[in-house]
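Residues per chain, in single letters:
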Amino acid sequence: SQQGEEDPQALSIQEGENATMNCSYKTSINNLQWYRQNSGRGLVHLILIRSNEREKHSGRLRVTLDTSKKSSSLLITASRAADTASYFCATLNFGNEKLTFGTGTRLTIIP
Amino acid sequence: GAGVSQSPSNKVTEKGKDVELRCDPISGHTALYWYRQSLGQGLEFLIYFQGNSAPDKSGLPSDRFSAERTGGSVSTLTIQRTQQEDSAVYLCASSLARANQPQHFGDGTRLSIL
Chain A
40 SQQGEEDPQA LSIQEGENAT MNCSYKTSIN NLQWYRQNSG RGLVHLILIR SNEREKHSGR
100 LRVTLDTSKK SSSLLITASR AADTASYFCA TLNFGNEKLT FGTGTRLTII P
Chain B
11 GAGVSQSPSN KVTEKGKDVE LRCDPISGHT ALYWYRQSLG QGLEFLIYFQ GNSAPDKSGL
71 PSDRFSAERT GGSVSTLTIQ RTQQEDSAVY LCASSLARAN QPQHFGDGTR LSIL
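Order-wise, the sequence lines are chains A and B.
With the working numbering applied, the first sequence covers 40 to 150.
With the working numbering applied, the second sequence covers 11 to 124.
It is possible that part of the hints are untrue.
[Said to hold, decoys possible] Mimicking DSBU-like on lysine-lysine, the simulated pairs with C-alpha atoms at most 35 angstroms apart in a straight line are:
{"id": "1", "chain 1": "B", "residue 1": "K25", "chain 2": "A", "residue 2": "K137"}
{"id": "2", "chain 1": "B", "residue 1": "K67", "chain 2": "A", "residue 2": "K95"}
{"id": "3", "chain 1": "B", "residue 1": "K67", "chain 2": "A", "residue 2": "K109"}
{"id": "4", "chain 1": "B", "residue 1": "K21", "chain 2": "A", "residue 2": "K108"}
I should point out that these hints are in silico values taken from the structure, not numbers from a laboratory.
Whenever a hint applies, use it, and build me the whole structure from the sequences.
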């Protein structure tokens, strides 16, 4: 079963704009990870944020985590056509090793 | 190779046949995972290996599904007597067995049951 929801389910923006995706989850976590999936390909790891962290940056990516609200957001700044993909959040709970994935956001960047 | 390698990339088979899916993890990664991605169910965990043992098999949907890992490296996921609902993309991932390490995924095997 899936941990939670992501919203929006789909997002289309103009190239150069910023894209924000949100993820909610249900149980206490050890860490939360964001992955990208291009059509027909596997998942590419983007960023991992630990439960005791509130914000993390990697290049054009910014992730926030609010454990009190059980939510996270992924911001992609200055979007490019190559950012078109599906984005998934995944949580790792204490005591086990399996990732539990959200439902994903389909991001389309319009050139 | 540098990444997780899965084979075959595509598999079409008839209902009732057995299939074997292979995963070759990143060298040195002792943890290996199988997931399934389907339209109706999204991304679901199947099984986790640490070395050659599988401490968590909780995601295997039925006893038709089994997996093994030999030599702490290559893993095989076997589905016996395939059913149409087994159609999905089967993804393998591997990671270092340390806290807060990302899982690295292969491109998956797209399985279609006719």
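* Asked: Which of the stated hints cannot be reconciled with the structure, identified by number in ascending sequence?
  -> 4
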